[in-house]
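J.: Below, each chain spelled out in residue letters.
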Amino acid sequence: MKNFFATPLRDEDFKKKNFCYETWIGNCFYAWDCGKAIGRYLEGLKEGKILGVKCPKCERIMVPPRIFCEWCFVLVEDFVELKDTGKINTFSISYISWDMKRLEKPQIPAVIEIDGASPGYGILHLISEVDPKDVKVGMRVKAVWKEEKEREGKITDIKYFRPY
Amino acid sequence: MRRRVCIVGVGMTPLKALSPEVSYKEMMFEVANKAYNDCGINPRKDVDTFICCSEDYIEGTSIFDEYVPDQLGGALKQVHTIPSDGLFGVCAGILQILTGEFKIAVIEAHAKSSNILTPDGVHMCALDPIYIRPLNVNPIFIAGLEYNSFLYNHLFTKEDCAEVVVKNKKNALKNPYACYGANLTIEDVLNSFPISYPLNELEISSYADGACVVVLASEEVAKDLKKKPIYIDGFSFIQGSPNLEVRSWDFPRATEEAGKRAYEMAGINNPNREIDFCEIDDTYSYKELQHAIALNLNETIINPSGGSLGMGYIYEGTGLMRLIMAVLQLRGEAGSFQVRINNDLPRKAVVQSWRGIPTENSCVLVLSRE
Amino acid sequence: MGRRVAIVGAGMTKFVRRAKETGKELAYYAAKAALDSCGAKLKDIDAVVLGSAPDTFDGVHMKGEYLSCGAGAFGKPYLRCYVGGGTGVFSVAVGWYYIASGIFDTCLVVCEEKMSSYQPHPQGAFLTIFDHTTERPLGPNLLWIFALEMQRYMQTYGIKKEEIALVAVKNKKNALDHPAAQIAQEITVEDVLKSEVLCYPVQRLDVSPVSDGACAIVMTNEYLARRFTDKPVWVSGVGWCLDTAYWTNRDLCYPRYVEEAARMAYKMAGIRNPRREIDVVEPYDPFDYKELHHLEGLLLCDRGEAPQLLVDGKTQRDGELPVCPSGGLLGVGNPISAAGLMKVIEIFWQLRGEAGKRQIAKKAKRGLAQAWGDLMQVGTVVILEV
Chain D
0 MKNFFATPLR
10 DEDFKKKNFC
20 YETWIGNCFY
30 AWDCGKAIGR
40 YLEGLKEGKI
50 LGVKCPKCER
60 IMVPPRIFCE
70 WCFVLVEDFV
80 ELKDTGKINT
90 FSISYISWDM
100 KRLEKPQIPA
110 VIEIDGASPG
120 YGILHLISEV
130 DPKDVKVGMR
140 VKAVWKEEKE
150 REGKITDIKY
160 FRPY
Chain G
0 MRRRVCIVGV
10 GMTPLKALSP
20 EVSYKEMMFE
30 VANKAYNDCG
40 INPRKDVDTF
50 ICCSEDYIEG
60 TSIFDEYVPD
70 QLGGALKQVH
80 TIPSDGLFGV
90 CAGILQILTG
100 EFKIAVIEAH
110 AKSSNILTPD
120 GVHMCALDPI
130 YIRPLNVNPI
140 FIAGLEYNSF
150 LYNHLFTKED
160 CAEVVVKNKK
170 NALKNPYACY
180 GANLTIEDVL
190 NSFPISYPLN
200 ELEISSYADG
210 ACVVVLASEE
220 VAKDLKKKPI
230 YIDGFSFIQG
240 SPNLEVRSWD
250 FPRATEEAGK
260 RAYEMAGINN
270 PNREIDFCEI
280 DDTYSYKELQ
290 HAIALNLNET
300 IINPSGGSLG
310 MGYIYEGTGL
320 MRLIMAVLQL
330 RGEAGSFQVR
340 INNDLPRKAV
350 VQSWRGIPTE
360 NSCVLVLSRE
Chain Y
0 MGRRVAIVGA
10 GMTKFVRRAK
20 ETGKELAYYA
30 AKAALDSCGA
40 KLKDIDAVVL
50 GSAPDTFDGV
60 HMKGEYLSCG
70 AGAFGKPYLR
80 CYVGGGTGVF
90 SVAVGWYYIA
100 SGIFDTCLVV
110 CEEKMSSYQP
120 HPQGAFLTIF
130 DHTTERPLGP
140 NLLWIFALEM
150 QRYMQTYGIK
160 KEEIALVAVK
170 NKKNALDHPA
180 AQIAQEITVE
190 DVLKSEVLCY
200 PVQRLDVSPV
210 SDGACAIVMT
220 NEYLARRFTD
230 KPVWVSGVGW
240 CLDTAYWTNR
250 DLCYPRYVEE
260 AARMAYKMAG
270 IRNPRREIDV
280 VEPYDPFDYK
290 ELHHLEGLLL
300 CDRGEAPQLL
310 VDGKTQRDGE
320 LPVCPSGGLL
330 GVGNPISAAG
340 LMKVIEIFWQ
350 LRGEAGKRQI
360 AKKAKRGLAQ
370 AWGDLMQVGT
380 VVILEV
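Protein chains in written order, with numbering that gives the first Met the number 0: chain D, 0 to 163; chain G, 0 to 369; chain Y, 0 to 385.
Careful: at least some of the hints might be erroneous.
[Unchecked claim] Result set (DSSO-like, lysine-lysine): computed pairs, CA atoms no more than 27 Å apart in a straight line:
| id | chain 1 | residue 1 | chain 2 | residue 2 |
| --- | --- | --- | --- | --- |
| 1 | Y | K159 | D | K132 |
| 2 | D | K56 | G | K44 |
| 3 | G | K15 | G | K33 |
In case anyone wonders, no lab produced these hints; they're calculated from the structure.
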């Protein structure tokens, strides 16, 4: 057998069905238990609060919450209410969807360091109500919440963060 | 003599059909703590390598190995995944320790079976996508084919297989870790709902939630830890064929080969006489009989824990759970389901696992107390 | 380090956007090419290691089982290993521990990836890598996390896109000499900067392609190596490290997990000063900035200084420290795990002087291959020497 063997197919072959292929749509569905820490985090979001946890040993305040400190390896049970403001640690401006289609309005995902958590402790969320050109690392932002009756205990209870 | 690797710590929670109170991370954290306390180690300082056994489709997360280090104490340390049954992960740990570069290895496997809403849909994805899946038959048909071929080619009856279910479910009643213990009769099993002829509903082990952690150490390190080590005298893992067209339907040849190699390494000549008890795969009733013959263990005490039929099936955690059961027996910590041989604790055991349909593979460990 | 482990043969398929061959067939072609390259037969092989990244690409659950026959594993001890994108280089570490344990004398390491099966776009397989409760509901796509990391890297050290684009220019050009390459081409920095903006600051030409392909190597212990080849290449160090999954709690400007993995490998190989002792390096380059990021993590230059090496031409094939002489993932292609093993194979060929037109100018005695993966979280390193 020689090196570098493989038969490349072109898009055209695929569209014209120049070869045989089989398709399958997976029937795979899941419902994940969130457990104690994330369960409490989601309850907090429903109440319009961002919750973190404090390690009893190194005293870091972490978000999203977890029931252990991964560095000290101890049980963490102390929930702390954080602010719903923070600053942008890093951001991107996404012009495409996951299947590489152009988006009409770009999305701005960012890691947002939450006020009240230890320095550098952020969460992933979206930025809006701003011209993409004006977004900067270090920019101050605040959560824009859904109406109380619309909140259902999901990360999307925060619609996005906006500069303030 | 070859250097041996020891099992120095184990941790497991009782299996449950549902576990909404904990996330998989919290379940793993609890069990890992148990295992570390069992041998008195601190994972942040003492562990050299962590191995997790998980499959993406079972977790519902792609590249699931991302999410394992924190709750095991493995963040920013040597952690990798072996997407296979936990017992294969143990073999990976043994190999690493035998290189001399690692002293303590942690193996983890778990299942949140209750979180999979479409277990058959997931299982379907394990079949060949080109020429088996389009037939659109529930993958359990493969167990039916194996079972039928086994009955046809060997001197066993359906009653013999039903008896396995009765025995294991009964053993499980005494085991506090078990989830599906029951007092059944052979008739109950034979009259249960037919699933894929000749397989009936009660002959299939049921899904459960649970997590397992095992700590391995080199012989030198094991001496200084909290409990008496359990030695791994022999181990082997063998791959069969994934193709349904060429497999041996009536007999698990991968298990036979793995057993042969593990016995050779452990210096076992007559397993039936030298092994006190075994924890072997019983995902389906007939599997226990198949594996017992393939391993020459049909005259020993088989699955005193209640096996997967009695305890529950936790996907990749199944092999590790059975290993933990064997360790508890050898240590004399099995309490209500402790095996005794002439009033003495058992000395030697075999643990074996299989990854379930549609696979053909096997992993065998030979354990001893001293 | 205990027992010595050698690589004695290597083989690979061409990397293509969409292969007619199935995953099993690709695995077979690579495995057979590797065996043939050193005159080995399958019966000479004691055990097999498989590397393959997410099962969702192929839409096959228990992919390790499915591919096992193509990888030559029937009737043999066989494990599939998995650390996301780091799998390709890590599979060599598994081959190393197979043999260094003393249990096996020879092994075959096969890495296969068929990304084209996932429709409408393989990116979909990455949608489910995010946390199911705290991130997936936001609808993230894979490019986000790279863009976030690239932004943080550029901001922290004041690195310009013009500098980063030079990586894409160099690697795609290097790949012109690689017979397996998928998207080798001669481009300019302007081409990169003018290419479509996907997820600012990531543009089309900053990114490696989607590929199908497979690679394989044959490994043996010290005593058998010369039975298969006159020029064994020794695995003198392996390293791996997985950082916390809470990636939004880390500073993405520096890959400390790559540093930890490198330190493990350097220690095993007895390397004290990697900048002087490593002759050629294949860092993981699925995106152009990653090559620079990883050179820093590998301690081959100071933090934020990698772009200068590139601007000064030191990382060209005739430079002081040739980087990605193969053409890397940006040029040869990126069938995830196979791409990682391709890097190890490139070092193998470079050290044996068999890289043809890609052969680096200086005489190389020691080389390093590195891969990376998961949520910007895992580093895997292999050091080879002759």
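J.: Check each numbered hint against the structure and report the violated ones by number, ascending.
T.: Structure breaks no hint.
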